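Kindly produce the complete structure, drawing on both the sequences and the hints.
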Amino acid sequence: MTTTFRPRRPGGRVGGGGGGGWAPALTPRIAVRIAILGGIAMTLLGILLVRLWFLQVISGEQYAERAEGNRLRTVITEAPRGNIVDRNGNALVNNAIGENLVAQPRDLEGQRRVAVLTRLAGVIGVPAAQLIKEVGDGDDQPLEPVILARNVDPGVSQYLAERQRDFPGISLKQTYLRSYPEAATASHILGQTGRIGPNEIAAYRRKGYQGDETVGKGGIEQQYEEFLTGTPGRSVVEVDASGEPQGREYLSSVAPVPGRTIQLSIDLKTQEALEAGLADAARVTGAKGAAGVAMDPRTGEVLALGSFPTFNPEIFVKRKDKEITRINRDEDRPLLDRAIQGVYPAGSTFKPITAAAGIQGGELGVDEELESVPTITLHKQEFSNFERRGHGWVDLPTALEVSSDTFFYQVADRLWQAQDTDRRVFPLQAEAREFGLGRDTGIDLPGESPALVPDPPWKKKNFAGPDFSDFDRSWLAGDTIQLGVGQGYLLVTPVQMAVAYAAIANGGTIVSPTVAQSVRDPNGRVVQKLSAGRPTRHIEIAGLEQIRDGLHRAANGVNGTSTSVFANLPDDAKVAGKTGTAEPGDGGEDHSWFVGYAPYDDPSIVVAVVIERGGTGANAAAPVVCRTMGANLGFDGDLCGQPTVESR
Amino acid sequence: MTTIAPPRGGGISERLRSAIVGLDWILLFGVAAISVFSVFVVGKTTEDDIPGDEHFYLDRQILFTVVGALLMVVAMRINLDRLARWAWAIWGGLLGALAVVYVVGTAVKGSNRWIDLGPFNLQPSEMGKVAIAIVLAALAIDKIEDLGSARYTLYLGVVAAIPAGVVFLQPDLGTSMVYAAVLAAILFLVGVPWAHFAVAGSILAIAILGVLWILPHAGVTVLQDYQVERLTAFIGAERDTSDAGYQLDQSKTAIGSGGALGKGPDGATQANGDFIPEHHTDFIFAATSEMFGFAGGGLLILLYALVLWRGLRTMARASSQMDMLVAGAIVAMIGFQVFVNIGMTIGIMPITGIPLPLMSYGGSHTLTTLVAIGLLLGIHQRRSAVPG
Chain G
1 MTTTFRPRRP GGRVGGGGGG GWAPALTPRI AVRIAILGGI AMTLLGILLV RLWFLQVISG
61 EQYAERAEGN RLRTVITEAP RGNIVDRNGN ALVNNAIGEN LVAQPRDLEG QRRVAVLTRL
121 AGVIGVPAAQ LIKEVGDGDD QPLEPVILAR NVDPGVSQYL AERQRDFPGI SLKQTYLRSY
181 PEAATASHIL GQTGRIGPNE IAAYRRKGYQ GDETVGKGGI EQQYEEFLTG TPGRSVVEVD
241 ASGEPQGREY LSSVAPVPGR TIQLSIDLKT QEALEAGLAD AARVTGAKGA AGVAMDPRTG
301 EVLALGSFPT FNPEIFVKRK DKEITRINRD EDRPLLDRAI QGVYPAGSTF KPITAAAGIQ
361 GGELGVDEEL ESVPTITLHK QEFSNFERRG HGWVDLPTAL EVSSDTFFYQ VADRLWQAQD
421 TDRRVFPLQA EAREFGLGRD TGIDLPGESP ALVPDPPWKK KNFAGPDFSD FDRSWLAGDT
481 IQLGVGQGYL LVTPVQMAVA YAAIANGGTI VSPTVAQSVR DPNGRVVQKL SAGRPTRHIE
541 IAGLEQIRDG LHRAANGVNG TSTSVFANLP DDAKVAGKTG TAEPGDGGED HSWFVGYAPY
601 DDPSIVVAVV IERGGTGANA AAPVVCRTMG ANLGFDGDLC GQPTVESR
Chain B
1 MTTIAPPRGG GISERLRSAI VGLDWILLFG VAAISVFSVF VVGKTTEDDI PGDEHFYLDR
61 QILFTVVGAL LMVVAMRINL DRLARWAWAI WGGLLGALAV VYVVGTAVKG SNRWIDLGPF
121 NLQPSEMGKV AIAIVLAALA IDKIEDLGSA RYTLYLGVVA AIPAGVVFLQ PDLGTSMVYA
181 AVLAAILFLV GVPWAHFAVA GSILAIAILG VLWILPHAGV TVLQDYQVER LTAFIGAERD
241 TSDAGYQLDQ SKTAIGSGGA LGKGPDGATQ ANGDFIPEHH TDFIFAATSE MFGFAGGGLL
301 ILLYALVLWR GLRTMARASS QMDMLVAGAI VAMIGFQVFV NIGMTIGIMP ITGIPLPLMS
361 YGGSHTLTTL VAIGLLLGIH QRRSAVPG
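Those protein sequences? They're chains G and B, same order as listed.
Just so it is clear: in the first sequence, position 408 is 408 by our numbering, and no numbers are missing.
Just so it is clear: in the second sequence, position 299 is 299 by our numbering, and no numbers are missing.
Bear in mind the hints are in silico, worked out from the structure with no lab data behind them.
Remember, it's a predicted structure, so these values are computed and weren't measured experimentally.
The C-beta atom is built at its ideal place from N, Cα and C for all residues, glycine as well.
Treat each hint with caution, since some may be false.
Think about it this way: if two alpha-carbon atoms lie no more than 25 Å apart in a straight line, the pair counts; the simulated PhoX-like pairs of lysine-lysine are [stated by the list, open to error]: (1) G:K318 / G:K133; (2) G:K217 / G:K529; (3) G:K173 / G:K133; (4) B:K44 / G:K207; (5) B:K44 / G:K133; (6) G:K380 / G:K460.
Some chain B residues flagged as far from chain G (calculated, every beta-carbon gap over 12 Å) [what the hints assert, rightly or not]: (7) G11; (8) R17; (9) F40; (10) I62; (11) V74; (12) A75; (13) W88; (14) A97; (15) L122; (16) V158; (17) G165; (18) P171; (19) I203; (20) I208; (21) T352.
Partial pick of chain B residues on the chain G-facing surface, computed with a CB cut under 7 Å [stated by the list, open to error]: (22) S149; (23) I301; (24) I348.
Next up, the structure:
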């Protein structure tokens with residue numbers, strides 16, 4: 001073979017003549033090769049044309065018949081969604097069988113469509129015009145069934161099943177519906193399911209959804225959607241003219257895969273006690289909202305999590321539109337999960353953090369005594385104890401026992417003096433953040449609020465703009481002093497307080513709370529652990545012994561603020577904990593807090609409860625905590641006392 | 001110099017004039033006609049694919065076409081002889097991009113071909129179709145003194161085989177075959193001895209036999225099951241129950257039922273009813289032929305013939321060897337994909353994931369093809385820009 005190609009050289013123009021008297025790299029041999037290439041290309045395109053002619057023109061009718069008449073249909077079999085069970089395997093959510101009413105647009109043509117749908121309208125109580133429109137919308141894809149009604153009443157379905165012949169093209173299709181064996185219990189944890197909204201379609205498509213599925217909305221249903229959702233089965237079957245499958249021969253078939261079960265660390269008994277306690281407290285005090293979290297301080301596993309008011313998730317399954325509208329418009333916002341989304345001032349439950357910050361920085365000696373005076377003037381401003389009561393010279397444990405405010409005002413004042421705005425050193429705020437306040441706890445439920453630990457840069461930013469003066473923006477000594485007793489701008493969620501007190505109970509480990517424990521396959525085998533291996537963080541809590549002592553005395557000591565509630569508990573279930581009576585910013589009735597753990601010497605449960613505008617901590621919140629612990633530790637809830645004297 | 005670039009500088013009208021002088025209007029017409037066809041069919045068949053967003057695919061395909069047209073104009077101005085000096089850099093860049101896919105790639109339908117760039121996925125192996133054409137043309141000319149020796153053929157073969165092998169392992173059999181087609185065209189045009197083609201052909205035949213038959217029997221898996229199934233489905237019975245057989249059966253039913261004049265955009269039940277798998281990408285020809293029948297499908301094939309004819313004509317008149325080889329490689333790349341893609345929808349070629357140039361939905365693919373067309377237009381312009 002000779003070289004057909006020449007090495008390049010300047011002005012490499014070869015040949016000549018023709019056209020403009022200018023010919024480039026084209027040699028006769030290359031021309032031949034180009035011609036061969038062209039010949040191949042045109043021959044192959046010719047083959048395509050001939051084959052297309054054969055397919056479409058010669059045997060077109062045969063294929064048209066196949067496309068029109070006996071055709072293949074894709075039958076989609078719904079997969080049941082996974083169950084949600086508590087730590088002992090009690091079902092909280094499972095599936096009930098329901099029936100959807102579907103129409104095949106292809107089998108309902110012309111006059112027949114109007115006649116059948118008009119008849120059907122009377123049976124299911126939907127205007128005929130609406131049904132005709134819905135089926136008409138489905139004409140674009142005549143082979144896909146159109147869902148006319150979901151979860152039809154048994155009476156209707158029986159009526160239609162008996163008169164199948166009067167309703168050609170209409171059929172009942174089995175579907176799965178969420179069912180709640182424990183009714184409204186744990187409704188905030190579980191969340192609901194619903195159709196994918198128009199704004200979410202793109203995101204779900206990217207994850208492989210079609211767009212018409214039912215997905216988790218809120219709570220565990222949303223958080224663990226990937227495990228709970230099943231994979232629908234798809235079979236391709238050949239159907240006859242009436243749309244019924246012909247024989248059993250599947251051209252391809254993929255069986256549906258049911259969703260996985262999510263096992264929660266929630267303990268149903270504890271959950272019921274917490275929710276009943278919240279509801280009772282709200283009833284007695286007239287509170288419009290309340291919330292609580294019970295957690296194992298050793299692992300971060302949530303044992304109970306409740307928010308009041310609650311709602312019945314059944315209404316979303318039954319599509320009771322009136323109920324749904326009422327709930328959405330309710331001023332008390334029943335859908336809000338106050339345990340993770342409700343933000344409140346912490347009140348006196350914050351005091352252990354102030355103590356730890358003071359001892360850590362040396363502003364407060366471990367055994368130092370300060371005078372708990374009825375009223376103290378700091379920076380020309382007067383700060384008072386609850387009911388202007390004095391306690392004499394007290395050390396830290398006693399100050400926690402009696403919940404002295406003036407003791408902690410003095411500690412906070414010293415912490416204010418230790419702060420350095422230029423170098424952004426804020427000891428009290430830093431300690432609060434160490435305890436996990438002011439940020440998400442990382443609980444495995446969607447929508448958690450980070451709440452707020454206020455500091456000078458925050459105040460400057462928050463009060464920016466012409467509506468505020470420089471004075472509004474500046475951080476004052478009073479701001480830190482208020483923060484020292486959990487007031488001022490501080491906001492916390494119940495779950496954050498549970499995490500902070502869990503650290504006191506377990507010796508300084510900040511846990512990531514988890515509601516879900518494991519993923520199980522339909523046979524009950526654990527396929528993935530969810531609660532194990534979550535990030536934890538260890539902090540050194542200065543004065544831990546004194547703080548624990550103080551919290552124990554606050555619940556059991558002679559002058560303890562919540563002794564009236566916890567004094568009668570059995571020895572193996574003694575509680576350590578702190579009341580809080582938090583003044584909301586608007587000057588209304590105080591929020592009632594209690595956060596504590598038990599047994600105090602080997603804690604296995606920590607509970608944080610807040611009752612909105614419930615009054616003092618001992619009064620409303622502490623009894624709820626006591627009853628929740630009782631359900632978990634196995635003591636009688638009647639041992640919990642109900643205080644008669646208002647104490648903080 | 002062999003390359004005469006359009007005059008630079010001057011006012012806007014001057015620049016505009018230089019951009020238009022010598023433009024291959026017929027090629028441009030063919031490409032525009034196919035693109036309009038594509039936007040229409042993609043938009044129509046995907047109306048119901050995403051509930052609540054009828055125009056999801058339509059909007060994107062329009063965007064891809066517009067951006068592709070802009071890139072095409074840029075590509076027209078590329079001086080290929082100068083670009084040839086960067087051949088190794090382009091080759092390295094291609095391998096680098098393919099390597100990135102392995103590290104951060106996004107798997108779609110079991111194949112790891114994409115780099116996720118937020119709203120869009122970039123598919124480097126598509127861009128590689130043009131890149132490998134430029135690289136092979138440049139290296140073929142660079143080593144032209146060795147032409148005729150086995151070393152020369154082997155050298156170009158290895159340069160193409162490395163990226164093609166990486167693409168094959170993604171796994172993306174179809175695209176690696178396009179690389180092979182580009183290599184074959186360059187070798188053919190540059191004048192490699194027939195004996196080399198015979199040897200390469202024998203090796204290929206043995207490799208195919210080995211991959212499909214001998215190695216699986218020896219217990220070594222080279223191709224995924226679905227690939228073997230797809231490759232062999234077109235040989236099988238009319239009504240095959242495998243997935244691939246189902247795809248082919250539905251595709252042929254769609255095309256056949258289109259008849260001479262088609263069922264119209266709204267009457268195409270096979271396409272709109274989701275019977276045709278991948279009706280907006282690999283099987284878009286089936287959807288087109290169902291809607292517009294032999295009239296539409298035949299017209300589309302003739303439009304491709306037009307594009308290929310203009311490409312061959314441009315090649316014959318190219319102003320440099322580099323231009324000629326690149327034009328030839330592009331013609332081969334487009335022609336190969338058209339034949340294999342349409343061939344698979346009508347059951348005369350195996351099912352491989354090769355898109356139909358300018359028709360199939362897809363960002364990387366549309367942009368790449370339009371860039372290739374831009375290169376062709378530029379080559380044509382450089383020739384014509386020479387005063388006659």
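Hint check results:
1. G:K318 / G:K133: 23 Å, holds
2. G:K217 / G:K529: Distance ~22 Å between K217 of chain G and K529 of chain G Cα, so the pair holds.
3. G:K173 / G:K133: 21 Å, holds
4. B:K44 / G:K207: With a Cα-Cα distance of about 24 Å, the restraint between K44 of chain B and K207 of chain G holds, given a limit of 25 Å.
5. B:K44 / G:K133: With a Cα-Cα distance of about 22 Å, the restraint between K44 of chain B and K133 of chain G holds, given a limit of 25 Å.
6. G:K380 / G:K460: Within the cut-off at roughly 23 Å; holds.
7. G11: At about 27 Å from chain G, G11 of chain B clears the 12 Å cut-off, so the statement holds.
8. R17: 19 Å, holds
9. F40: 17 Å, holds
10. I62: 17 Å, holds
11. V74: At roughly 24 Å from the nearest Cβ of chain G, V74 of chain B sits farther out than 12 Å, so the non-interface label holds.
12. A75: 20 Å, holds
13. W88: Label holds. Min Cβ-Cβ 19 Å, cutoff 12 Å.
14. A97: Holds: least Cβ distance 22 Å, greater than 12 Å.
15. L122: 16 Å, holds
16. V158: 20 Å, holds
17. G165: Label holds. Min Cβ-Cβ 26 Å, cutoff 12 Å.
18. P171: 20 Å, holds
19. I203: 19 Å, holds
20. I208: Non-interface label on I208 of chain B holds, nearest chain G Cβ at 19 Å vs cutoff 12 Å.
21. T352: Label holds. Min Cβ-Cβ 16 Å, cutoff 12 Å.
22. S149: Violated. Min distance 11 Å.
23. I301: This interface hint holds because 5 Å falls under the 7 Å limit.
24. I348: 6 Å, holds
Figure legend: structure checked against the earlier numbered hints; the only hint not met is number 22.
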